[in-house]
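Q: Now for the letters of each chain:
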Amino acid sequence: MAVNPDNYGLRLFVRYLVLCLIALIFIFPLVFMINSSFKPDSQLLADTSSLRAFLPVGDISLNNYFGAFRRAPVGLFVLNSVLVTGVTVLLSLLICSLAAFSFAFLRWKGRDVLLSIVIATLIIPFETIAIPLLLLVSKLPWIGLDGLHWGWLNSYRVQIIPWVADGLTIFLFVQYFKGLPGELIEASRVEGASWWQVYYRLVMPLSGPVLATAAILKFLVMYNQYLWPLIVVQQESYRPVMVGLGYFFQLNVAWGEVMAYLTLITVPVLVFYLLLQRAFIASIASTGVKG
Amino acid sequence: MKLTRHLTGVVIASTCLCAPALAQTKLTMWYHGAGNEVESRILNQIISDFNTSQSDWTVTIESFPEKSYNDSVAAAALAGNLPDILDVDGPVMPNWAWAGYLQPLPIDESEFADFLPGTKGVWDGKLYSVGLWDAAVALFARQSTLDGLGLRTPTLDKPWSREEFMAALDAAKASGKYEFALDLGMNDQAEWYSYAFSPFLQSFGGDIVDRSTYKTAEGALNGEAAQAFGKWWQSLFTGGYAPGTSEDPADQQTGFIGGKFAFQWNGNWRAVATMEAVDDVVFLPAPDFGAGNKIGAGSWQFGVSAKSKHPEGAAEFIKFAAQDKYLAAFSDGIGLIPPTPSAAQMTKNYKDGGPLAAFFDLSKAQALVRPVTPGYVVQAKVFTKALADIANGADVADTLDAAVDEIDADIESNGGYGHR
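Chains as they are written, first to last, in the UniProt record's numbering: chain A, 1 to 291; chain B, 1 to 420.
Check each hint, because a few of them may be wrong.
Label pairs and their calculated CB-CB ranges [claimed, not checked]:
id, chain 1, residue 1, chain 2, residue 2, range
1, A, Phe69, B, Gln45, 29 to 35 angstroms
2, B, Ala277, A, Arg11, 50 to 56 angstroms
3, B, Gly259, A, Phe69, 31 to 37 angstroms
For the record, the hints were derived by calculation from the structure and aren't laboratory data.
Just so it is clear, CB atoms sit at the ideal spot from N, CA and C, and this is done for glycine as well.
Full structure from sequences and hints, please.
A: Dropping the structure here:
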């Protein structure tokens, strides 16, 4: 049956209209946040009952940004979060991909049972293990430049190391690796490549989409960390951005400064996502994984 | 040889001169006010003054965001990482003392004899903490509103009765000038409900828990007085006097000032901003619902951690910080109530004839501390849920009975929280 060009155009228009409306629902909070960050509190609160809330109108200034920097060491918090997140993501990609490589390609006793256990950890909420983990890390040893220490509290390592390996990232890599052509691996082995060479010369170069997906998912988890740093970090010098948000909630909340702070801490997330956007979408399309 | 003697003399003299500084023992202190520029400035000044005023102790501070402070302390207590001096919210103090986070203050209570009752944290007959300010709640109104609606201005000696209060709300509603007669700040379902609204229950003759034993809420939270309170509370929302639990969060900051409400039940931390915006604002005492007019009391206080190896040093600091000049500085800075009459006279807002002097009198005359029990932290949450449910239309008797069951079960599962 021939397609009526008019109907096709109409359908396309309706489809895009619906998609645009859905996109607006997701964009509006961001638009509200950014616009509100430039408004004084009185105007911000008054505008919430009208469409002006989404428009950069009225008394616009950078005062809330100056106020946010006065109220909290914003740069330090962002730096801490970026550092903790960046190092964790890199270590996670390395450790989890190695673990997944072992699960996917190597044959060893108990492999399937262990993989089942790793996947089963996905159903355990972090809150249930937070206290035992706290007790553990508060007593672990660490050798630094100035000798042996006991207890990891108030450090970057306590925010990084417990989060490096996780079931979801390993599972993502395992699923992706299983989809790679087995002939390629076998051919490499026949050609005399070691397993290590297969890992970094063959498998990893083919794993761009899953690396991007795992990196973005891990980035979001780490950048949004709240409970863990709250209980293991008492010193301001190690606090991340989400704990820093609490600086803005006083008895009289400075909403404009809250919005300015949120805008500032959203920037690294957007930059990271935009950098990996293509690979992330490719991975979702190929694996069906949703973030 | 002569040079060697000279050098030895210099070294010995330097060592002796430096000795006091080297001998200073470091005390750590945690505070809930991260992000509060004014509080931080005043507290840092107190610490600096203390550190230079003597040679035994040096205090260092670590500030935490208020919203997560209690969780940070609980986690640190588990990990054995508490500081020497702890900042503690008054109603939470019994829980921390019971849980072993705090030790009794090694200071004679008579040192704080003239402090407002709400600023002293007493548990099991011992003083555990002292506050540098108190907070109070009042009914904010405009004098022009009272005059326009033909209402009597209530006083501490003669507050509004329940009938007068409801008549005032009726008059405001009937005037058609306001979206709602009363702003209660219903969106804030943290500890605001138990702090701000349990005094209404107490004024009806009920309470969150039976204070004679602290072992049950039976009769206190579901007795006749509590049932009457619950029905009245529900009528505020079914009668359209106040917005319910989905109230706009901005209302407590802008609702009364903007004329959306005729009356507002709010704390003195909003008083300065309201005075700046509303020329004829008046701060009225709580209505008397039959068993006397009440408001909540108790704010943040300083105590000594149970793990501190230097409680005498921590106590020295707390005594130092409790000087009138610092109490007045905090009051002027953040607008809260100074704990002593002498400090009040040194402030711009609370001295005789000062614009907020009414709050000092309110706190002195009406204040009732929240239930002094470790179980309060749970009871406050249960009470909040019950009041929110009733406001949303739940059956009053069933809801209060369920709240009593939950509170009693918690008391039982914690072995009575140490009440004898």
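Q: State for each hint whether it applies.
A: Tested hints:
1. A:Phe69 / B:Gln45: 29 to 35 angstroms: violated, 22 angstroms
2. B:Ala277 / A:Arg11: 50 to 56 angstroms: holds, 55 angstroms
3. B:Gly259 / A:Phe69: 31 to 37 angstroms: holds, 34 angstroms
Hint 1 from the earlier list is the only one contradicted by this structure; the remaining hints agree with it.
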